[in-house]
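Trainee: Read off the chains here:
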Amino acid sequence: MRLLTAVLRTIRNSRRLATGLVILGLLVLLALFSPLIAKAIGGSQDPIELAAYDKWLVPGPDHLLGTDQFGRDVFAMVVKALAVSLQIGAIAGVISTVVGVIVAFVAGYKGGWIDGILSTFTGILLVIPTFPLLIALSAYAKNVSLFQVGVMISIFSWPFAAKTIRSQVLSLRTRPYVDLARVSKARDIEIIVTELLPNLLPFIGVGFASSALGAIFGLVGLEIIGLGPGGVIDLGQIIFNAIGTGALTLGAWPMFVVPIALLTLLFAALNMVNIGLEEVYNPRLRGVAGE
Amino acid sequence: MTAEAPPVVAVDKSQDSASRTGVRAWLSRHPLAAYAIRRLGLYVVELWGALTIAFFFFRLMPGDPIQTLIQSLQQNYIYNAQASAEIIARYKHEFGLDGNLLTQYLVYMQKLVLHGDLGPSLINYPTPAQTVILRSLPWTIGLLGISAVLAWILGMVIGAIAGWRRGKLGSAIATNLSIALSHVPYFFVALILVYIFAYSMGVLPARSAYDSNINPGITPEFIGSVLKYGLLPGLSIVIIGTFSWILSTRMLMIPILGEDYLVYAEAKGLKGRRILTRYALRNCYLPQITAFGISLGFIFNGNVLVEQLFNYPGLGTTLVTAIQQLDFNTILGVTDIAIFSVLTAVLLLDLLLPLLDPRVKYWK
Numbered sequence: 001m002r003l004l005t006a007v008l009r010t011i012r013n014s015r016r017l018a019t020g021l022v023i024l025g026l027l028v029l030l031a032l033f034s035p036l037i038a039k040a041i042g043g044s045q046d047p048i049e050l051a052a053y054d055k056w057l058v059p060g061p062d063h064l065l066g067t068d069q070f071g072r073d074v075f076a077m078v079v080k081a082l083a084v085s086l087q088i089g090a091i092a093g094v095i096s097t098v099v100g101v102i103v104a105f106v107a108g109y110k111g112g113w114i115d116g117i118l119s120t121f122t123g124i125l126l127v128i129p130t131f132p133l134l135i136a137l138s139a140y141a142k143n144v145s146l147f148q149v150g151v152m153i154s155i156f157s158w159p160f161a162a163k164t165i166r167s168q169v170l171s172l173r174t175r176p177y178v179d180l181a182r183v184s185k186a187r188d189i190e191i192i193v194t195e196l197l198p199n200l201l202p203f204i205g206v207g208f209a210s211s212a213l214g215a216i217f218g219l220v221g222l223e224i225i226g227l228g229p230g231g232v233i234d235l236g237q238i239i240f241n242a243i244g245t246g247a248l249t250l251g252a253w254p255m256f257v258v259p260i261a262l263l264t265l266l267f268a269a270l271n272m273v274n275i276g277l278e279e280v281y282n283p284r285l286r287g288v289a290g291e
Numbered sequence: 001m002t003a004e005a006p007p008v009v010a011v012d013k014s015q016d017s018a019s020r021t022g023v024r025a026w027l028s029r030h031p032l033a034a035y036a037i038r039r040l041g042l043y044v045v046e047l048w049g050a051l052t053i054a055f056f057f058f059r060l061m062p063g064d065p066i067q068t069l070i071q072s073l074q075q076n077y078i079y080n081a082q083a084s085a086e087i088i089a090r091y092k093h094e095f096g097l098d099g100n101l102l103t104q105y106l107v108y109m110q111k112l113v114l115h116g117d118l119g120p121s122l123i124n125y126p127t128p129a130q131t132v133i134l135r136s137l138p139w140t141i142g143l144l145g146i147s148a149v150l151a152w153i154l155g156m157v158i159g160a161i162a163g164w165r166r167g168k169l170g171s172a173i174a175t176n177l178s179i180a181l182s183h184v185p186y187f188f189v190a191l192i193l194v195y196i197f198a199y200s201m202g203v204l205p206a207r208s209a210y211d212s213n214i215n216p217g218i219t220p221e222f223i224g225s226v227l228k229y230g231l232l233p234g235l236s237i238v239i240i241g242t243f244s245w246i247l248s249t250r251m252l253m254i255p256i257l258g259e260d261y262l263v264y265a266e267a268k269g270l271k272g273r274r275i276l277t278r279y280a281l282r283n284c285y286l287p288q289i290t291a292f293g294i295s296l297g298f299i300f301n302g303n304v305l306v307e308q309l310f311n312y313p314g315l316g317t318t319l320v321t322a323i324q325q326l327d328f329n330t331i332l333g334v335t336d337i338a339i340f341s342v343l344t345a346v347l348l349l350d351l352l353l354p355l356l357d358p359r360v361k362y363w364k
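In order, the protein sequences belong to chains A and B.
Mapping the first sequence onto the UniProt record's numbering, position 240 (from 1) lands on 240, and the numbers just tick up by one.
Mapping the second sequence onto the UniProt record's numbering, position 246 (from 1) lands on 246, and the numbers just tick up by one.
Just chain A, same shape as in the assembly:
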């Protein structure tokens, strides 16, 4: 309860954080209601089914964004694809944040040679260009599922989370209240969970937002090269289709403008959350990034 009010107060105090969260919330709602929206558009039939309508219809009252090369309703497709893009962000965000937090705490709290090895390893992973490896991984791994792609992306995105959180752990572990807890014979795990973790929540949030951002972009990138997971349509795949079928030359602009606009909105919202959280935690930055 105390935690909840603290969170609410933080959100109220930062306009940027609030804006980002509101946009994010709206997008999530849109994604959650995607089955209903699809139903509203298609009536009894599935608007994303092949040849549900005529091909290449222009935007109009019946089809707000027109139809694609297979006669699928673009609006219904985009909404459904948004849900997939958000899912990949959530999957990869959770995995890489959990791994990042564990590594950061072990390295930052234990210190010494464990920290040395873990930090060097994290540093090395950070400089390896991840996109080539990701392309390679999905090119070799045929018929991957959405979850597997999420896992693959997290392999490369946890070092970011680990790095930012570790530096905070380092500064927190020498604070008097941690010493006090140690003197009173609290176990390491107790200190970590009850003393350190709550104070690091905003940083964990930053780590999550960055990883989710990276994962969504990663999947879009894979789709554009034509290597996405099978059986699902995400926003990147719609863009890829638009390029592949010549929608650009045919003037079917909604097919790439709308997914790009939605993704840009998503990136902007996540970035606002990121910067908002950083400002909350680092008062010196407050007003620096803002107006």
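Derived from the structure by calculation, the hints contain no laboratory data.
Be a bit skeptical, because a hint or two may be false.
Claimed, not checked - Not everything, but these chain A residues come out facing chain B in the computed CB check (under 10 Å):
no., residue
1, T130
2, L213
3, L270
4, M272
Claimed, not checked - Every beta carbon over 12 Å from chain A, so not counted as near; a handful from chain B, in silico:
no., residue
5, A36
6, R90
7, L315
C-beta atoms are modelled at their ideal positions from N, C-alpha and C, and glycine is treated no differently.
With chain A fixed as given, assemble chain B onto it according to the hints.
Mentor: Just chain B now, kept in the frame of chain A:
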């Protein structure tokens, strides 16, 4: 797999032979040298670690490149007979695929370190992978280098002004636009630009790196053509890059603005622009140079897609083609080059910054 050995020890010994008073004494009298040696040691460890991880990553991936090669040779009627065990063994040797994983690794590292040899490229067999990569490297360096530097300069200038004129409308617009757009992939802007300039208006080319009717060479026509074809991909990198540099410059700039020496400069009656460029911006650009070095790797990530969209004959396109055909000497080579350039850029910056900026002291 990772860096367990402390790098300092290994390097110290070779440094010592000339010194009579012992390494430690000499190093304590030369903190800058000690720092440089430690930094160099870390560089070697990081480079080795990253190259090793990349090697095993690609070797552990499923897929049989030799079979792919033989199939493509058969399809091209170079020979019809079934591949004998002898031929397969020979190719395995050529591609560094014989023996167990450890032997392969040692052979690969030995060739790479001693001869700069990445092994033959599969698609372009028997051309070595390094030749294939070197062919596409100038295009990427040209496109990426020019647009990255341009974005950095533009972002610094606009960011500094946005910080300086804080509270003004223009500054607020620039800042909020940067927050919204700094994480958007280059590729999106590229796509929009292609739609507007190549398809709707038809004024700029959307594919390839130069007009195929013009012979490559140092002629005004060819250079003009390269610039014209590079405009759209370059512009997309510049636009997004500028936004992210605006944000970070502004963040560095604003805490400086309250400093005493700026108030003093103002009290002396110096003009605003002079204070901005000579006094305030000076303290921003050095950290931004470091950030630039680190960002190189991420630019490379985004650039792969831009090159792919424009069919630009750079490293990104080479990489994607190589991956599609399981040409993993080339894949690994491209990855190695990206790792090498990022680490080397960061190393050089770390070594040069203490010389440029007396406030930077990494050593104790």
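Trainee: When the hints from earlier in the document are held up against this structure, which numbers fail?
Mentor: Going through the list in order, the structure violates hint 7 alone and respects the others.
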